[in-house]
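**Q** For reference, the chains in residue letters:
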Amino acid sequence: MRRAVQSFLPAALTALILPIMMALTAPTTVSAQQGPLRIEITDGVIEPMPFAVPDFVPQSEAAAEYGTSLARVIASDLSGTGLFREIPASAHISTVSDFGAPVQFADWKTINAQALITGSVALSGDRLTVQFRIYDVFSGVEVGSGLQFVGTTEGWRRMAHKVADTVYSRITGEAPYFDSRVVFVSESGPKNDRRKRLAVMDYDGANIQYLTDSNALVLAPRFSPTGDRVLYTSYESGVPRIYVMDVGQVQRRVLETQEGSMSFAPRFSPNGRTVVFSQAQGGNTDIFSMDLATGARTRLTNAPSIETAPSYSPDGSQIVFESDRSGGQQLYIMPAGGGEARRISSGAGRYGTPVWSPRGDLIAFTKQNNGRFHIGVMRTDGTGERLLTASFLDEGPTWSPNGRVIMFTRESQGTEGRAQLYSVDISGRNLKPVPTPDGASDPAWSPLQQ
Amino acid sequence: MQTGTAISGIAHVGLVVWVIVGGFFRSEPEPVTVTEVSLISAEEYAALSAPRTGPEFTETPGNLDQPEELAPEEPAPQVTEETPPERQDPVAPETPEAAPEAPPVPEAPQPPEPELSQDLPEPTPPEPPANDTAVLTPETRPEPAPVDRQASTPAPPPPPDARPDPVTEAPVSPDGLDQEAPEARDAAAPEEATDQPPEPEAEPDPEPAPPATAAPTASRRPATRPDRPRPSAPAEAPVETAQPETPSEPEPETESPDRSQAVDDAVAAALGQAGASTPAPAGPPLTGGEREALRVGVSQCWSVGSLSSAALATTVVVGVAMTPDGRPVTNSIRLVSFSGGDQTAAQQAFDAARRAIIRCGQQGYPLPAEKYEQWRDIEMTFNPENMQYR
Numbered sequence: 001m002r003r004a005v006q007s008f009l010p011a012a013l014t015a016l017i018l019p020i021m022m023a024l025t026a027p028t029t030v031s032a033q034q035g036p037l038r039i040e041i042t043d044g045v046i047e048p049m050p051f052a053v054p055d056f057v058p059q060s061e062a063a064a065e066y067g068t069s070l071a072r073v074i075a076s077d078l079s080g081t082g083l084f085r086e087i088p089a090s091a092h093i094s095t096v097s098d099f100g101a102p103v104q105f106a107d108w109k110t111i112n113a114q115a116l117i118t119g120s121v122a123l124s125g126d127r128l129t130v131q132f133r134i135y136d137v138f139s140g141v142e143v144g145s146g147l148q149f150v151g152t153t154e155g156w157r158r159m160a161h162k163v164a165d166t167v168y169s170r171i172t173g174e175a176p177y178f179d180s181r182v183v184f185v186s187e188s189g190p191k192n193d194r195r196k197r198l199a200v201m202d203y204d205g206a207n208i209q210y211l212t213d214s215n216a217l218v219l220a221p222r223f224s225p226t227g228d229r230v231l232y233t234s235y236e237s238g239v240p241r242i243y244v245m246d247v248g249q250v251q252r253r254v255l256e257t258q259e260g261s262m263s264f265a266p267r268f269s270p271n272g273r274t275v276v277f278s279q280a281q282g283g284n285t286d287i288f289s290m291d292l293a294t295g296a297r298t299r300l301t302n303a304p305s306i307e308t309a310p311s312y313s314p315d316g317s318q319i320v321f322e323s324d325r326s327g328g329q330q331l332y333i334m335p336a337g338g339g340e341a342r343r344i345s346s347g348a349g350r351y352g353t354p355v356w357s358p359r360g361d362l363i364a365f366t367k368q369n370n371g372r373f374h375i376g377v378m379r380t381d382g383t384g385e386r387l388l389t390a391s392f393l394d395e396g397p398t399w400s401p402n403g404r405v406i407m408f409t410r411e412s413q414g415t416e417g418r419a420q421l422y423s424v425d426i427s428g429r430n431l432k433p434v435p436t437p438d439g440a441s442d443p444a445w446s447p448l449q450q
Numbered sequence: 001m002q003t004g005t006a007i008s009g010i011a012h013v014g015l016v017v018w019v020i021v022g023g024f025f026r027s028e029p030e031p032v033t034v035t036e037v038s039l040i041s042a043e044e045y046a047a048l049s050a051p052r053t054g055p056e057f058t059e060t061p062g063n064l065d066q067p068e069e070l071a072p073e074e075p076a077p078q079v080t081e082e083t084p085p086e087r088q089d090p091v092a093p094e095t096p097e098a099a100p101e102a103p104p105v106p107e108a109p110q111p112p113e114p115e116l117s118q119d120l121p122e123p124t125p126p127e128p129p130a131n132d133t134a135v136l137t138p139e140t141r142p143e144p145a146p147v148d149r150q151a152s153t154p155a156p157p158p159p160p161d162a163r164p165d166p167v168t169e170a171p172v173s174p175d176g177l178d179q180e181a182p183e184a185r186d187a188a189a190p191e192e193a194t195d196q197p198p199e200p201e202a203e204p205d206p207e208p209a210p211p212a213t214a215a216p217t218a219s220r221r222p223a224t225r226p227d228r229p230r231p232s233a234p235a236e237a238p239v240e241t242a243q244p245e246t247p248s249e250p251e252p253e254t255e256s257p258d259r260s261q262a263v264d265d266a267v268a269a270a271l272g273q274a275g276a277s278t279p280a281p282a283g284p285p286l287t288g289g290e291r292e293a294l295r296v297g298v299s300q301c302w303s304v305g306s307l308s309s310a311a312l313a314t315t316v317v318v319g320v321a322m323t324p325d326g327r328p329v330t331n332s333i334r335l336v337s338f339s340g341g342d343q344t345a346a347q348q349a350f351d352a353a354r355r356a357i358i359r360c361g362q363q364g365y366p367l368p369a370e371k372y373e374q375w376r377d378i379e380m381t382f383n384p385e386n387m388q389y390r
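Listed in order, the protein sequences are those of chains F and Y. UniProt numbering puts the first residue of the first sequence at 1, with every later residue one more than the last. UniProt numbering puts the first residue of the second sequence at 1, with every later residue one more than the last.
Since the hints were derived computationally from the structure, they do not count as laboratory data. Keep in mind that a hint or two might mislead.
[Said to hold, decoys possible] Distance windows between CB atoms, simulated: (1) D98(F) with G288(Y): 46 to 54 angstroms; (2) V336(Y) with Q251(F): 21 to 29 angstroms; (3) N386(Y) with P335(F): 36 to 44 angstroms.
Quick reminder that beta carbons are idealized off the backbone N, C-alpha and C, glycines included.
Looking at chain F on its own, in the form it has when it is part of the complex (with noise of 0.2 angstroms):
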């Protein structure tokens, strides 16, 4: 007996300590290994990426002028989306005075320039012909090939914005932006006489073209897949009904829904062919969608409470929309030709306006809490909610085409408290305001233009 608990203790011991030696000791092992040396790295930072633009090179003196406010405005793209970071050009080395001519990388990797942009602009009568490169100065290689654009004067910055939309492209490796427009309720007067029309503008503030006049309270506007039309909704009628318009001819029609009901929340479907909106009748609220081809009508939603805010998934099979049929506003996924609806946002507060990305990933909201109202984003389980922006009044987000930035209505505190579109990155950097010469509500972003 004894013999064998002798025999017994020291194999138990071995048992017990040598897989432990040997996991101390693997690590000795791996280092003295044979092959290339291995390390991992797992912590970076986040900065933006230095780049330089020089002024793009005319090629005549005609078009030099547009040599500068080419290379300005993609500087604005680029810088504006809190990824890059233009080094100015007076700290430049280098000058390019020749398009064709090598780069000298050792000058922009003195001043730290990651990315360079170097172009040319001519112009012949009103088309501007705008070739353009990108270079990794580092790695001392071109990014991609050469492209070029040709268009009229007119255009140019339609051309800046597509020049930008490929480097970010290339470097960041999303999908571009920069040339897309946002429809948006531009507000003037005090908050007890406000006055409201719709306008339409480049992302970043430029080209503002007004469509409606001011004379009719104006809402929710959305634009369609195609970027032609305009959904809205206008008081125009003494009621809410839903308008479309035409953006290129500024003509307009009202959507037949149903007489004596007000209408309002619309948007498209993705293939444009259907148009989901909501209606109250007899004090309830629901969610309806319409075939813009035949006009038949279906309701998707059949419920006491309130349901509104629709909007349909990327691929048209789902709908997201806000509902208090639990007691508190909460956001809703339901199938786009209605049915059973599962409730997807579970923390406190309450959720409204949900936008579904053009990525199909994540859900945009408004969520208010505690006296604060938030844009937040969501996987459509309802899982990874995190809140973007917090103030006295964020509301009512949309997408960038390429499903990376946000932008939305702050309005800010008291009598003269003034309405204004922000944007901010789904990361949570980047909060920066949109330009608008008035107040700016309710914005809607196209698809990138074509």
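Please build the complex by placing chain Y on the supplied structure of chain F, with the hints as guidance.
**A** Same frame as chain F, now just chain Y:
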């Protein structure tokens, strides 16, 4: 009671005796730690310690040449802003009364028509911070650092005291490659022949003293130590060429736009030629601190701020060959493998990793030169899991 006490006492005594005598505390003899030592010849040792074959770099600096003509011009997108595609008027279900009149487009504060070359609206570019250039300054460090790290002149020959016995140096030249005076060897030769101890003569130092025994004179020193400086020979190339870089810039720039990269390539080529045929690295491994210093050195340049969310979910393994002075060979940086994303995301992640390796390696990473064999080839895994926004 006494009986019980007696029984208890006897039992305890018996137990104690059994424990002592029975060998309960006796332990098995401790195993003797055995370290296996293999004997190798001088040639094998020299082969092990000689530099390994350098990586082959297929890419050439020619890739950096600037294209003379614009690369395949993609179909130029015609920017026709004012001509949107014809929309298909939806068929209204119930005779929609078209809007009575299109609302007049009132005052447009900023008409969109840009006036040709006259009043192009300024896009108001964001003003960079005033200290922008100041921030950049410390990162530039143009030239002086390499000079500090390495002497501008070739390294002096190894000090004589590194040799165990200068007296034996003269005879150790069986291959006849030494430039020493032949008379010195001749003087030593007779001493070798005799096995008699030499007379202790007080000789002047320059004259090699006769060996005390004949054994050292016949042994051949391993070639390891003389060969040691060989890997560092290519390292002198960038130092020497870096000095005339500024004055002689115009001529070579036409051939290779990036001089430092050309130097790297030359070093890489030299390393590839210098490497003999010894594949296995020798010497002690890097310590944890040395590995951490390298990791931190790369991390501080690994900027993921401009990466897409897909690229932020992609882990890439990047291979790089290093020069003996701790600088990465630009053309050797390659994507070994990736996981967590598609090819596009992997390319973005790789580009960011490559920029990090090159940027922070411009002046050389803090790696121990004596362990060059351990880090001449490195595989870095860039895992952005901690950098994702949550």
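**Q** Confirm or reject each hint.
**A** Quick rundown of the hints versus the structure:
no. : hint                                     : in the structure
1   : D98(F) with G288(Y): 46 to 54 angstroms  : 52 angstroms, holds
2   : V336(Y) with Q251(F): 21 to 29 angstroms : 59 angstroms, violated
3   : N386(Y) with P335(F): 36 to 44 angstroms : 38 angstroms, holds
Hint compliance for this structure: hint 2 alone is broken.
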